[in-house]
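A.B. asks: Protein sequences, first through last, are from chains P and Z.
Residue numbering for the first sequence follows full-length UniProt numbering, beginning at 1 and increasing consecutively.
Residue numbering for the second sequence follows full-length UniProt numbering, beginning at 1 and increasing consecutively.
Bear in mind the hints are in silico, worked out from the structure with no lab data behind them.
Be aware that one or more of the hints could be misleading.
Unchecked claim - Not the full set, but computed from the structure, chain Z residues with beta-carbon under 10 Å of chain P:
#1 ILE125
#2 LYS318
#3 ALA341
#4 VAL342
#5 LYS344
#6 ALA378
#7 PHE442
#8 VAL445
Said to hold, decoys possible - Only part of the chain Z face toward chain P is listed, based on derived beta-carbon distances under 10 Å:
#9 GLY43
#10 ALA385
#11 PRO386
Unchecked claim - Residues from chain Z that keep clear of chain P, each with C-beta distances beyond 10 Å, as calculated:
#12 ARG66
#13 ASN218
#14 LYS413
#15 ALA424
Ideal Cβ placement from N, Cα and C applies to all residues, glycine included.
There are 2 protein chains.
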Amino acid sequence: MSMSRTKERLVVIGGDAAGMSAASQARRLKDPDRLEIVAFERGHFSSYSACGIPYWVGGDVDSRDRLIARTPEEHRARAIDLRMRTEVTEIDVGRGRVRARDVDSGAESWTSYDKLVIATGARPIRPDLPGVDAPGVHGVQTLDDGQALLDSLAATPGRRAVVVGAGYIGVEMAEAMINRGYEVTVVNRGSQPMATLDPDMGRLVNRAMEGLGITMVNDAEVTKILTGDGAGRRVRAVGTDAAEYPADVVILGIGVRPETALAQAAGLPLGAHGGLLTDLAMRVRGHENIWSGGDCVEVLDLVSGRMRHIALGTHANKHGQVIGTNVGGGYATFPGVVGTAVSKVCDLEIARTGLREKDARRAGLQYETVVIESTSRAGYYPDAAPMTVEMLAERRTGRLLGVQIVGREGAAKRVDIAAVALTAQMTVEEMTALDLGYAPPFSPVWDPVLVAARKAAAAVAKAPR
Amino acid sequence: MSMSRTKERLVVIGGDAAGMSAASQARRLKDPDRLEIVAFERGHFSSYSACGIPYWVGGDVDSRDRLIARTPEEHRARAIDLRMRTEVTEIDVGRGRVRARDVDSGAESWTSYDKLVIATGARPIRPDLPGVDAPGVHGVQTLDDGQALLDSLAATPGRRAVVVGAGYIGVEMAEAMINRGYEVTVVNRGSQPMATLDPDMGRLVNRAMEGLGITMVNDAEVTKILTGDGAGRRVRAVGTDAAEYPADVVILGIGVRPETALAQAAGLPLGAHGGLLTDLAMRVRGHENIWSGGDCVEVLDLVSGRMRHIALGTHANKHGQVIGTNVGGGYATFPGVVGTAVSKVCDLEIARTGLREKDARRAGLQYETVVIESTSRAGYYPDAAPMTVEMLAERRTGRLLGVQIVGREGAAKRVDIAAVALTAQMTVEEMTALDLGYAPPFSPVWDPVLVAARKAAAAVAKAPR
């Protein structure tokens with residue numbers, strides 16, 4: 001390890017989770033005499049929890065500032081030169097510099113780097129539809145987006161919200177708008193919400209959402225967004241080929257794509273999902289002094305062996321930690337993901353990890369699927385709530401491939417058992433012997449995950465080889 | 001595999017979790033033409049949840065019968081000849097028979113077996129103290145014990161309860177008596193409750209119990225139980241050398257020992273903790289046709305490599321399942337435990353798995369211990385509750401050795417993450433990359449277990465090698 005004493009400059013593009021975690025960790029390892037850190041953020045906020053936006057909009061979190069983990073001033077106090085409202089418009093890899101533009105003044109300048117971190121995040125998918133840019137149509141990807149939505153709600157008397165899309169953002173925003181007292185319609189291209197679940201589990205979510213008074217419109221492709229005739233030409237409805245759904249506000253929750261236009265223009269390697277490709281140290285492939293992490297990269301799925309794009313704050317923070325350690329002269333890697341995600345709609349908890357049936361098929365795997373019903377606590381204990389667990393195991397090997405859980409209190413975080421088992425490449429037979437916490441207030445004597453593992457092990461044993 | 005067509009007889013001693021799980025599983029695999037099953041239970045109840053007794057006594061569970069998973073009649077309907085109130089008084093290994101006595105009539109008879117399952121459970125430790133057999137002094141090991149306690153409470157106007165011992169049973173019974181409106185004093189030999197935790201974590205439990213209005217008397221050895229002068233000579237106080245604690249009822253929660261007097265008399269192998277020793281198929285060592293499981297056996301601790309005695313319904317059920325499979329002609333093993341246990345005192349959740357510091361020292365391991373404070377949910381999310389996590393990791397290897405968690409909602413079952421990681425022999429560094437479920441209602445962006453793993457990994461890296 002060379003111990004250069006010359007001062008280097010680290011440039012970070014993006015002031016949220018991955019970028020600022022990387023900057024902070026690098027700063028912990030190298031002081032300002034040895035490493036200058038300049039970070040650019042085009043928005044108004046740094047280091048905030050984008051995942052918290054639905055709860056802020058819905059009123060569970062009372063103020064925007066509570067979502068901010070560290071303000072620009074706090075970063076600057078740690079000798080990180082964070083330049084807000086400053087958008088990087090070009091990466092010049094050959095000369096090791098970036099061009100940045102002050103969003104307000106339009107002034108541009110070049111900043112050279114010795115080391116570069118690209119943490120440009122993701123952008124919400126905005127379908128190319130007539131009317132999609134009308135006032136009252138909102139994404140909820142950034143804190144700026146969330147503020148714009150709240151301002152829009154405050155300015156509009158109507159109480160009808162249409163959410164387009166029924167993935168995590170869609171269902172969380174549906175809950176948020178129900179909590180705000182809106183009539184909510186979810187228009188969803190798939191045949192049930194939560195395409196990250198297998199269809200039978202998604203149907204449980206659909207039923208629960210309808211039970212909350214949300215109008216679910218599945219198998220429906222939005223083809224147009226209709227606007228009013230007034231001066232503002234504000235949104236008035238969402239249209240499919242079959243119907244129109246009146247809307248005072250429209251929230252786009254269709255999903256996100258890696259924000260990699262800059263990286264692509266600079267000739268950096270992108271994967272099939274449009275995300276930057278890195279090695280396990282989060283170094284951009286083929287570029288010794290460029291790292292990338294967070295919502296703009298693709299990650300290795302340890303179960304299928306394929307690359308995926310997953311926009312999730314917990315990964316972004318881990319990436320930032322790994323990048324900062326490596327930039328700061330240490331060594332760390334991010335081995336990959338198993339695809340864990342948890343969510344809720346009011347008191348319905350939703351969790352998944354590993355492969356769905358369609359992922360397993362796509363990866364060429366043969367598998368057995370079992371579904372069991374159990375309860376969150378001993379059946380005789382107060383508030384024992386039903387829980388449905390689906391488990392996939394590979395034929396022959398019996399290796400755990402995936403778990404999905406839908407239930408009430410205590411359902412979501414149980415998926416962590418499977419997340420660790422997937423990481424350890426356990427078989428479902430091995431899982432039947434897991435020494436999981438048992439006491440009547442916390443679990444039946446056979447934890448629901450153990451019940452599923454027993455049934456999956458039996459299915460594997462009986463399956464044709 | 002030989003497929004004998006002659007009819008065999010399986011005798012089961014003990015009609016609770018391990019014994020009846022074994023009987024039921026054996027019955028699933030072999031029909032009555034091939035396997036006769038006779039089971040003996042000395043009490044009034046079969047297949048009940050002993051772990052549920054504190055919640056029944058405390059009023060959370062409204063009826064005794066709700067704790068019964070399967071009645072004697074239900075077992076008999078499945079062709080299991082379950083003989084209640086019938087105590088086995090001798091095992092004659094040489095001639096393959098057991099002697100049983102009808103508890104009510106005193107009549108005795110011999111029953112021969114081809115295969116034997118010993119599931120005699122555990123008995124509560126009753127210290128050899130003056131007065132310990134007085135009316136008003138109760139154990140809570142069996143459903144019969146629980147009924148006797150409730151009858152005793154109904155017959156006594158006083159509202160002062162003294163709980164002797166502060167392990168799982170002690171703290172759960174302290175909660176139960178608080179819930180019944182009693183003034184509760186816990187007299188505990190150790191310097192804090194929950195000796196299954198390291199002292200710093202036990203002190204958190206102590207503080208919480210005091211906060212609930214429970215009088216905690218630690219470092220106190222009970223030397224006598226004082227009785228009244230009335231006709232019944234009912235208990236009136238618990239005495240130590242230093243003080244007396246007035247009591248209208250006394251609950252012994254000192255712990256349990258394997259109930260192996262019968263096995264010992266028959267010359268079967270016992271371990272250092274007094275439990276039967278079996279192989280991993282739960283077959284009693286050296287005895288081809290005798291199996292044992294549940295609270296009367298010792299189990300392998302997969303972390304320390306030592307044998308332990310752990311009385312816990314979830315292990316008993318697994319043992320029964322394994323025994324029944326083997327008795328029924330299949331193949332199954334119980335690989336061992338990692339020592340997971342969860343409990344609660346009102347809304348304080350308590351969890352542990354793996355080794356405490358003193359276990360690690362005893363096993364000759366060098367280790368690093370870290371303690372972190374975090375929250376159950378994102379800090380900005382409503383009802384985010386504090387959580388303390390202690391983590392032990394082995395020096396040099398970085399292997400996870402143990403985790404203890406004390407907190408509010410969401411604390412206890414988080415220990416399952418560590419239970420699986422221990423089983424998989426993960427290092428704390430590997431754990432830092434675990435893909436655990438994250439969403440603001442369920443976890444901070446770094447789950448508390450990940451925060452502890454990061455700190456533990458750093459401690460291992462810095463420790464002398």
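A.B. asks: Now look at each hint and say whether the structure bears it out.
C.D. replies: Each hint, compared with the structure:
1. A hinted interface residue such as ILE125/Z counts as satisfied when its beta carbon comes closer than 10 Å to some beta carbon of chain P; here the least separation is about 20 Å, so the hint is violated.
2. For LYS318/Z, the suggested interface contact is upheld, since its CB lies about 7 Å from the closest CB of chain P, less than 10 Å.
3. Of the supplied interface hints, the one on ALA341/Z holds, with its beta-carbon coming within about 7 Å of a beta-carbon of chain P, less than 10 Å.
4. With a least beta-carbon distance of about 4 Å to chain P, the hint placing VAL342/Z at the interface is held under the 10 Å criterion.
5. Against a cut-off of 10 Å between C-beta atoms, the interface hint on LYS344/Z holds, since the closest Cβ of chain P lies about 6 Å away.
6. For ALA378/Z, the interface hint holds, the least distance from its beta-carbon to any beta-carbon of chain P being 6 Å, beneath 10 Å.
7. Taking 10 Å as the C-beta cut-off, the interface hint given for PHE442/Z holds, the closest approach to chain P being about 5 Å.
8. Because the beta carbon of VAL445/Z sits about 5 Å from the nearest beta carbon in chain P, less than 10 Å, this interface hint is met.
9. Interface hint status for GLY43/Z: violated, as the beta-carbon distance to the closest one in chain P is roughly 19 Å, over 10 Å.
10. Hint status for ALA385/Z relative to chain P: violated, with the closest Cβ pair at about 14 Å, above 10 Å.
11. For the restraint placing PRO386/Z at the interface with chain P, the shortest Cβ-Cβ distance is roughly 17 Å, beyond the 10 Å limit, so the hint is violated.
12. For ARG66/Z, the shortest C-beta to C-beta distance to chain P comes to about 4 Å, within the 10 Å cut-off, and the non-interface label is violated.
13. Consistency note on ASN218/Z: stated as away from chain P, and its beta-carbon is indeed over 10 Å from all of that chain's, at 23 Å minimum.
14. Not every beta carbon of chain P lies more than 10 Å from that of LYS413/Z, the smallest distance being close to 6 Å; the non-interface claim is violated.
15. The claim that ALA424/Z lies off the interface is violated: its Cβ sits roughly 3 Å from the closest Cβ of chain P, which falls inside the 10 Å cut-off.
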